[in-house]
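K.L.:
Residues per chain are reported as follows:
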Amino acid sequence: MAKSKKEKNQAISKEKLLHMHKLMCDIRNFDDKVNYMVKRGQVPGMTHFSVGEEAANVGAVAALSDGDFITSNHRGHGQTIAMEIDLNEMMAEIMGKATGTCKGKGGSMHIADLDKGNLGANGIVGGGMGIAIGAALTQKMKKTGKVVICFFGDGAVNEGSFHETLNMASIWKLPVIFYSINNLYGISTPISKVINIDYNYKRAASYGIPGHFIEDGNDLLAVYEKFVELVDYVRAGNGPVLVESITYRWYGHSTSDPGKYRTKAEVDEWKKKDPILKYKNDLISKGLATAEELDAINAKSMESVEASVKFAMESPEPSLESAYEDIFAD
Amino acid sequence: MAKSKKEKNQAISKEKLLHMHKLMCDIRNFDDKVNYMVKRGQVPGMTHFSVGEEAANVGAVAALSDGDFITSNHRGHGQTIAMEIDLNEMMAEIMGKATGTCKGKGGSMHIADLDKGNLGANGIVGGGMGIAIGAALTQKMKKTGKVVICFFGDGAVNEGSFHETLNMASIWKLPVIFYSINNLYGISTPISKVINIDYNYKRAASYGIPGHFIEDGNDLLAVYEKFVELVDYVRAGNGPVLVESITYRWYGHSTSDPGKYRTKAEVDEWKKKDPILKYKNDLISKGLATAEELDAINAKSMESVEASVKFAMESPEPSLESAYEDIFAD
Amino acid sequence: MKNETKVMSVRDAIIMAMSEEMRRDENVFLMGEDVGIFGGDFGTSVGMLEEFGEERIRDTPISENAISGCAIGAAMTGMRPIVDVTFMDFIVYMMDNIVNQAAKTRYMFGGKGQVPVVFRAAAGSGVGAAAQHSQSLEAWFTHIPGLKVVAPGTPADVKGILKSAIRDNNTVIFLEYKAQFNMKGEVPLDPDFTIPLGKAELKREGKDVTVVTYGRMLERVLKAADEVREAEGVSVEVVDLRTLMPLDKDAILDSVKKTGRVLLVNDAHKTGGFIGEIAAMIAESDAFDYLDGRILRLAADDIPVPYNARLETAMLPDVDRIKKYILKLVNKR
Amino acid sequence: MKNETKVMSVRDAIIMAMSEEMRRDENVFLMGEDVGIFGGDFGTSVGMLEEFGEERIRDTPISENAISGCAIGAAMTGMRPIVDVTFMDFIVYMMDNIVNQAAKTRYMFGGKGQVPVVFRAAAGSGVGAAAQHSQSLEAWFTHIPGLKVVAPGTPADVKGILKSAIRDNNTVIFLEYKAQFNMKGEVPLDPDFTIPLGKAELKREGKDVTVVTYGRMLERVLKAADEVREAEGVSVEVVDLRTLMPLDKDAILDSVKKTGRVLLVNDAHKTGGFIGEIAAMIAESDAFDYLDGRILRLAADDIPVPYNARLETAMLPDVDRIKKYILKLVNKR
Ligand SMILES: Cc1ncc(C[n+]2csc(CCOP(=O)(O)OP(=O)(O)O)c2C)c(N)n1
Ligand SMILES: Cc1ncc(C[n+]2csc(CCOP(=O)(O)OP(=O)(O)O)c2C)c(N)n1
Ligand SMILES: [Mg+2]
Ligand SMILES: [Mg+2]
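Chains as they are written, first to last, in this note's numbering: chain A, 101 to 430; chain B, 101 to 430; chain C, 47 to 379; chain D, 47 to 379.
No lab work stands behind these hints: they were computed from the structure. Every residue, glycine too, gets a C-beta built ideally from N, C-alpha and C. Take these hints with a grain of salt, some might be off.
[As the list claims (entries may be wrong)] To spell it out: a stretch of chain B is covered by chain C in this simulated footprint if at least three of its residues, at any positions, have a beta carbon under 8 angstroms from a beta carbon of chain C; those stretches are:
no. : region
1   : 213-221
2   : 233-247
3   : 421-427
So that you can see chain A by itself, here it is in the shape it has in the complex (with noise of 0.2 angstroms):
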């Protein structure tokens, strides 16, 4: 995560650059190492993967500071591994190993590690909203100066809960940034046909907040230099704000997705925007960095997703014992 919130003034620093391409393969590695066991039934579970989305999640989850905080969901790779969770227990995690994030009692889908500021992927559509504004709420109250980013989907925003709460953090001017991360559909229903304006970062207007929109949610560089702004504006305590960034997945919507609701023109064409490759080609036109350089971190990067899978392998399995664990606090 940045350290400072005042790097959107400064130029970035090329260690900065290079940490959010290397966060970039991981999640592009560590998803499709993922569904390539999903692929061969290594991976016991429902799982939803965020290739594509990289620049999407890393850019903003970069412009946080140590001690803020991330609510996920569904689709919560791309945060997580952005939010600096080891990938090996990510790994064991998803194959419900002892050692993964949650013990392996959590899965894919609730991949989370509280005691580094991830409140929690979540099932739910919907269902990290509420969540996020009362860490928010917190924040106020404790006077921290900490911030939240909510990070959900495109189809979320239907959900009675995005309205509630959004309401809720404008009255009280809560520190929380909503993202809905728009990759165009919600399962197989295109956010075109379930909502009737073009852009829901619009119906911040309701709830008397700024509303932001991201363009090219591949574009890493204007992800996070957005995020740099919003963070800003809220860790001022502004109240909150609402952005939408547009990006795709590459892959169906879960485990099993026959896909017949998009063209393969249309993801092959999101696929010439890939956002990594943009990245790359970006810092090397602008002479930040080498090709060399940059294909290195992905070799490394490919390295840690392969140890993440040893590890995970090599881990045991949770004894039937702590299934009965962990249900309530002391």
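Got chain A sorted already, so can you dock chains B, C and D with the ligands onto it with the hints?
P.N.:
Frame of chain A, contents of chains B, C and D with the ligands only:
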């Protein structure tokens, strides 16, 4: 109910003008009477009054035609009387008698007559909104040409159901008018404290539908004319609208309300804006009716309310067995 | 077609039941998230969009409150909607509409109106979907007067019960099991084939022990019953409720009076589950006097459903545990 | 103050409990509709705005989903919110947050995090508020692993249990009864007075019959117990659960083993209610072998709550019916 949707363009018949006066008087007299009885412990349960809001209710319903529908809420007496539900049966219901609209099983909060297009008062804030769009969906699927008015308060606009149902009605172009009667408070809470915009009708923009405003909801003709326009628009298949009118409740929120949240001065100010008095003066000044005519109507209304009390008092209690009936349809 | 049957999956039985009823009655329609081109989260409406079109196979926004409310309002005004809830866990967002509206409408309004909606909810664990996607919540609804609740356990029963639910003039919560969409069995092809709500079926007759069950656990109970009969000569009577509400008390009590021993099995959390109600109903009835032993229950353990497959499996009654409990009742172990 | 008591209403006991805890711990705060200047729909926060201010006595929009979600998120990050649900019926809009989030958070996340929220819900009938404002829905929550559920029945217990609920690190559903806010009793003034969750209390000791109850029905059960003792010499042991979850099984079973006869009483709908769980628990335990008769239940009838006062009253167990059932158990009638 009005029989013609063209009426907007014609002069309103005198019969109709006087009938609307009668309905406002009925609401006033009925609720004054119920309030009187509540204070004396003659009414067994919770009630909410429409006094002060007569024009906002009557003007809307008067624009409907036979076969159209409404859904109403906890403050439903006004709408229900406007829908021409029998006063005797209403009073009997409020007194819990077997002859009541709901056989004494529903009470004030659930007065309805499904046979007459009143799909129910509703004790759940926001609870009638889904029913309203469902009724509208039926009209659309069956091509009946009928429309639905969904009544709710200013407080209800922050329920998730508001968001979800307006959106669904919009994308499906359902023939429903969402009508928020803004009496400035939800119980004790001023609307200004719970939304961060000036008026809620502006939220229509989030759903790509028209938002309308009736600044003086105590002006019967203004309400009526706006609703004639909206009913036309909706009936023509243009999809839903959201409309908001400003009015005020003279009594407390419900049966017991210490009223600390608003000043006597404020209440008095609003009593000066009496919708019935305003309408009366309007009609007289325009030469459309005489004070005598109007007073006679009021006198008759008071009689019918007294008669309803007599009817209710003389009506039998429901039998104990009746409590065990009407749970399932055959 | 009258007496023909065909082997098909629960999924296909659901599609067949809905399709037949939609052909029969133009007021019937299906709504829910991704029921159209996607064919339903569990494939339970594959092909229906093609036959019935977008008006009657109605994709919705992700708005469970509006979906359920809309269905109820449509039902009050003459339609007969079927709602695909998908994962039963999402019914949390439909509680007002189901419990405060649909269940109470007719009563509150003094006998006017009816709300013929079927909520099809995919219940139970078994697909590695973890705590928020694996619940069997029927006990919430059996507690609310005005609702019917059904949970058939074979493809044929699924077809017959679903058709009756669609024809019923009340709101019906229909449980289908994620883990069993591919379960196969003979299904009558007759479009007039229905199974009345409120009638349990003796899936096995027996004299030593009564096992009462429904839904997902039926398969395991039958297997256990057959195995103990085979191996130990214990004659087990299996009462398959199929309908939980209205409950066929007589079928249960008659069987208990006959055998004097009873085991109750379902896949919901044990504490507060519907089989507790059955135990209580037996214990307060005259069948109590016929009991030769405790009323035993086997249900899911009282823990959120874990992701790990081994843990997920372990928390549910399996055939072995069911057998063990049956034998315990007859003092064979 | 240590041993002083004062006669006060349930309402005042609630205010006292919350106020003491708010003085003791700055993380505790109250939120809900009209809790501020209005003092709560049932007057259960009158005067608190004046002492604690708007930040800690937090009026909300009519947004039950956001209220409950916000409370949970605040709790996960260090606060200890109390939510005034007002009418328990409105909890329908909080189900996702309570059931899918609060109850499962710690488990899903492998033992990290805790959700110390108290949901205070005004349950039951008795004020002429009809079907949508009169439900006792505790059975929904006792069925969900990860939640605690309490329902004290005297002003002192209300104070002691509410304070423990606020101090508990888990989500607690706290039932208070609309019909009993004015009920009076001696309440300890000691701000350190608490009653542990999970412990039932023998409100009467006896040897002939056990009556298990909680919440609103306690008052009637005690009256019935005293009257049958007086008039018929029947010695009734009254087990007041106070906490439903975690359930004090031992207290129940010990008493049943002692008396051999048991009546269960609550004010929720009979079918699927929590006392069914207790009956089932007894019937599967070793206490079964001590039973001298059926396990009887008295609860609200299975109908939506009617508006008419006579009907509303008739659907609930009253002192006479409780007495009749007690006498039935000892074969006196
Ligand atoms: C309350 C609820 N309703 C439905 C679902 C099933 N579901 C899971 S993901 C999803 C689509 C979400 O779409 P979107 O918000 O756009 O996120 P995306 O998957 O595209 O990232 C749906 C309908 C759910 N998990 N929770
Ligand atoms: C879901 C739900 N939450 C809360 C309540 C309690 N309640 C009844 S009326 C009311 C205020 C409604 O305000 P508004 O919508 O402005 O209507 P008004 O009473 O002013 O006509 C509240 C909070 C309820 N009945 N239902
Ligand atoms: Mg999407
Ligand atoms: Mg209002």
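K.L.:
It remains to establish, for every hint, whether it holds in the given structure.
P.N.:
We went through each hint and held it up to the structure:
For the region 213-221 of chain B, the proposed coverage by chain C is satisfied: 5 residues have a C-beta within less than 8 angstroms of a C-beta in that chain, meeting the threshold of three. Residues of the region 233-247 of chain B with a Cβ under 8 angstroms from some Cβ of chain C number 9, which satisfies the need for three, so the listed coverage holds. Check on the region 421-427 of chain B: 3 of its residues sit with their Cβ under 8 angstroms from a Cβ of chain C, so the three-residue criterion for coverage holds.
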